[in-house]
Structure formats: C-alpha cells, structure tokens
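Trainee: Sequence:
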Amino acid sequence: TPEVRTYVRFEIIDMNCKALSKIVPKRHETGGVFMYSGALASGANSEVMTFPKEIAAAGCPNAQLVPDWSTRQVLPWAASAGVRVERVYCEMASGTGSDASKLMAVPRTVCMNLLKELQAFNGQNYELLIGGELEFSVLRREGPEASWHPLFNGVDIFATLQNAKSADFCYEVERHMEPVGVDILTINAEYGEGQLEMTFAPKIGIEAADMTATFRTGTKEIAQQRGIMASFIARPFGVKGVGNGGHLNFSLWSPSKLPIPLVGNMVLEAACRDKHRSNAFHSSEDDEGLSAAARHFLAGVLAHAPAMEAICSPTPPCYTRHGNWAPDVANWGREDRTACVRVKSDKNGKASGCYMELRMPSASANPYLVIAALAAAGLDGLQRNLELPAERQTKDTGAAKLPTDLESALRALEDDQYMVDKLGKDFVRWYTGVKRAELQAIETRLASGSRSDEEVCAAWRHMYMEYV
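Under my numbering, the first residue of the sequence shown carries the number 20, and numbering increases by one thereafter.
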C-alpha cells in the first residue's frame, strides 16, 4: 500500500478567530513547537502588527505552543493523496517545563478560565450549553486579479432554488464537518446576496468554541480549494442594511441526582453525555418559566452589554447591523428577534427547551471571546443577585444604549472595570491594541480618497474579508 505521511497542525486562534499554525511531521509532535510570542497581536490582515510592551521589552522572543491533545482531530478536507492532516488546539507559554507560564491574552485561555470560574460559583458546578448559528458570504471571481462578487444574486431567503445555487458547496462542508464533531442541523440561503446560514447542535463549554473555530477555518479552507471564498466579515458589500450575524444560543446546566428527561431530543442527548444534569434556567413555578438563576444571569449580561459589544462586534462593518435584526439597546424579550437577548421559556414546557439567544454577535466575533464575556457578565449577575429589568425596555424606559462604533465599544470595555478584571488586564490591552491598529490602518487607507461608501467598503474588505 502507498505510504501515508501524517502532519500535525499546532494551531492557535487569534483575536479575530484567524487560525495560526505550524505544521509538524508527526514524528516530531512531542519535540516542542514554538511560535513568535507576539503573533496574536497582529491584525485580521497581517499588514497590521502591534507590539505589546512585554513582548517588545523581551526582544520579541518565541513562545511554546502548548497542545491540548484532547482536541486532536483528523481534518478530512485537508487530506490529499498520501497525506493525512491532524490538528490540535494550543495555548501559549513562555519558558519551558516547570518554569513555563501561560500567556493570558490567548482567547482560548481566557475562555477556559472564565468557564472554570463559572463552574466553581457557589458549588453549583454550572456549565454552559452553547449552540447557535452563523451567517457568512460566499464569493466568486473570474480570475486571480479580478474583483470578488457574490456567488449568487438575490435576497430570496429560504427559497429552494436559491438554496440550490450553492448546494454542492454546502453538502461538501456538511460532509467534512460531521467527522470533526461539528453537527450541522440546517442549511439555507439568507437575506443577502451570496449569504448562507448554517445552524449547529450545541456542545458543553469550551467544546462549543472549538467547534465554531473548526467550522470557520474548515469552511474557508474548503471554499479556497474550490477557488471561491467564504467570509465571515459582517458586510462584504455596501455600508448599510442586513449583515452576517453570529447569534449564540445558551443555557446553564448543573448536576442532578436524577437523569434529565431528554428522550426524543437527539441533539441534547448528544451534547449532554452525562445525563445527570438539569437546566438551571428553567422553572415550572415562575410565570415566565425562568428560574432565579436565569434572571440573575441575564441581568448580568444586560448590565455589561455595552462592554461586551467590543467583543461581539469587533470590526467597523459590524455596526451596520444595528437596527437590522441586531440590537441597539441592552434589553430582552420572549421570542423577540429585535431584542438584545431573545428568551425561549415556557413554565409548562420541557426544561430542556428553555434557553436564551444572544443576538449581539456578528459572524466576525471570536467565539472564545464571546463565550468568555458571556460567562463573566452572567457570573456577575449570579454573584450580586442582580434584578432583571422589565421585558422589552427601550432607551427611553431604561435600557442601556449599545455603542454605535468600534472605538466607542473599546472605550466601554476599558471603562467596565469588572469586565477588565475578569477577562484580564493583559488580554484587554492586547485586544484593544489590535483593534485600534486595525482602525488606524483603515483610516490611513481612506485618507487620500473621498470616503465614498465604496471606498469605505473596499477598505473593510482589504482588512477583514480573506481571513475573517
């Protein structure tokens, strides 16, 4: 039989959810793999490079990639004749052996730390069950120097003929994703030219973020192999209207003495491998079906929503979504798609069907950071027993206004001392540094022009479209 050579991608996810990796022949996988320690401080387009003070002061050294071997997977789309490719997610550490210390600005590290803190709260052993949906744009061009255009035209959401225009690509994505644990539930064309939406079965904790990162990188790679592009940029064309969203569905679960009744719900059965769990968000005694924990958690999310916007909307085009099925104030509502958090609950319904949908994130948002921010904000609500505001508040009736541009959102994050402390001062400094450097690069690109809508959109595409 022909020889099959195996290569391992030691992969780390940066601030923009761009996968960075070193490829290692399998025979060298235990020999130690290193990467420039400031790699995470580059922008979505690596024309942008920042130098955090500790990296610059140390002379820009390497850091060790620390693999989480539980995430090792064979990537079916990356295989070729005689070649097998594996991927393992990593963290970063300076030093080696017992002297190694983790780099606390790594998004996956930030996320794991917050999930552990939430789990430890008051002995409840809480875990987030997270699913969701991602919208993205599929683009084509006539040649290597030609401009990119939508793969298909029209805004005929759900139309079967519209779905069929990208069906082969979608089927290939679904076929390759199932073996790596990305369970795609639905596929459809969305309300945008070249725009698709895929929804996912939920997973517990960090596995949910790993799943989303795997989907994003894999989908982009599959498209690249076909000579097309898949992009999670919030808006590839124009500066107004509906954009690519990344809604996050979540619920809080805790241990139970009795197995939870999930019979007939294959999705939840697969996610909750340990069936002795109960949905901490549901109450059959509350008129709205929400437990005290659900109310406090949601109150925390709303209290810190302005700071969370810097993470949920991490690029300038994200803010074109406001008012277009994306929230502009921090409020909540049952079955309300215009709210910041849409709540699905029924006191007489199954506990397993109670969850919340965070509608703030654009598709560009880093899932590790969104989940970390969600856990931090919800934890504050639990710790302080925050009271949930009335449903469907407006700005005039007390709902906090969300930032309307990236710089305002970055300042809101920096001004929220609780969120800075929970996410980590180093992370916030690195993250805001990268984002402001991207803004400056966009501004420099626009300085010599007329700042027409097309010039602005072209500057956004140059910065974000290929790698986000």
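In short, the hints are calculated from the structure, not lab data.
Note that this is a predicted model, so its numbers are computed, not measured.
One thing to keep in mind: the hints can contain errors.
[Claimed, not checked] With a cut-off of at most 25 angstroms between alpha-carbon atoms, the simulated DMTMM-like pairs for lysine to aspartate or glutamate come out as follows:
(1) K135 to D355
(2) K369 to D347
(3) K121 to E73
(4) K259 to E146
(5) K414 to D355
(6) K363 to D202
(7) K363 to E152
(8) K72 to E110
(9) K414 to E485
(10) K121 to E433
(11) K135 to E48
(12) K45 to D365
(13) K121 to E48
(14) K444 to E433
(15) K135 to E240
(16) K135 to E146
(17) K420 to E485
(18) K239 to E212
(19) K363 to E406
(20) K420 to E410
(21) K41 to E30
(22) K259 to E426
Trainee: Could you run down the list of hints and mark each one as holding or not?
Mentor: Against the structure, the hints:
no.	hint	result
1	K135 to D355	31 angstroms, violated
2	K369 to D347	31 angstroms, violated
3	K121 to E73	14 angstroms, holds
4	K259 to E146	38 angstroms, violated
5	K414 to D355	16 angstroms, holds
6	K363 to D202	22 angstroms, holds
7	K363 to E152	16 angstroms, holds
8	K72 to E110	20 angstroms, holds
9	K414 to E485	37 angstroms, violated
10	K121 to E433	23 angstroms, holds
11	K135 to E48	28 angstroms, violated
12	K45 to D365	51 angstroms, violated
13	K121 to E48	20 angstroms, holds
14	K444 to E433	9 angstroms, holds
15	K135 to E240	32 angstroms, violated
16	K135 to E146	9 angstroms, holds
17	K420 to E485	32 angstroms, violated
18	K239 to E212	18 angstroms, holds
19	K363 to E406	19 angstroms, holds
20	K420 to E410	15 angstroms, holds
21	K41 to E30	7 angstroms, holds
22	K259 to E426	19 angstroms, holds
Taken one by one, the earlier hints fail for this structure at numbers 1, 2, 4, 9, 11, 12, 15, 17, listed in ascending order.
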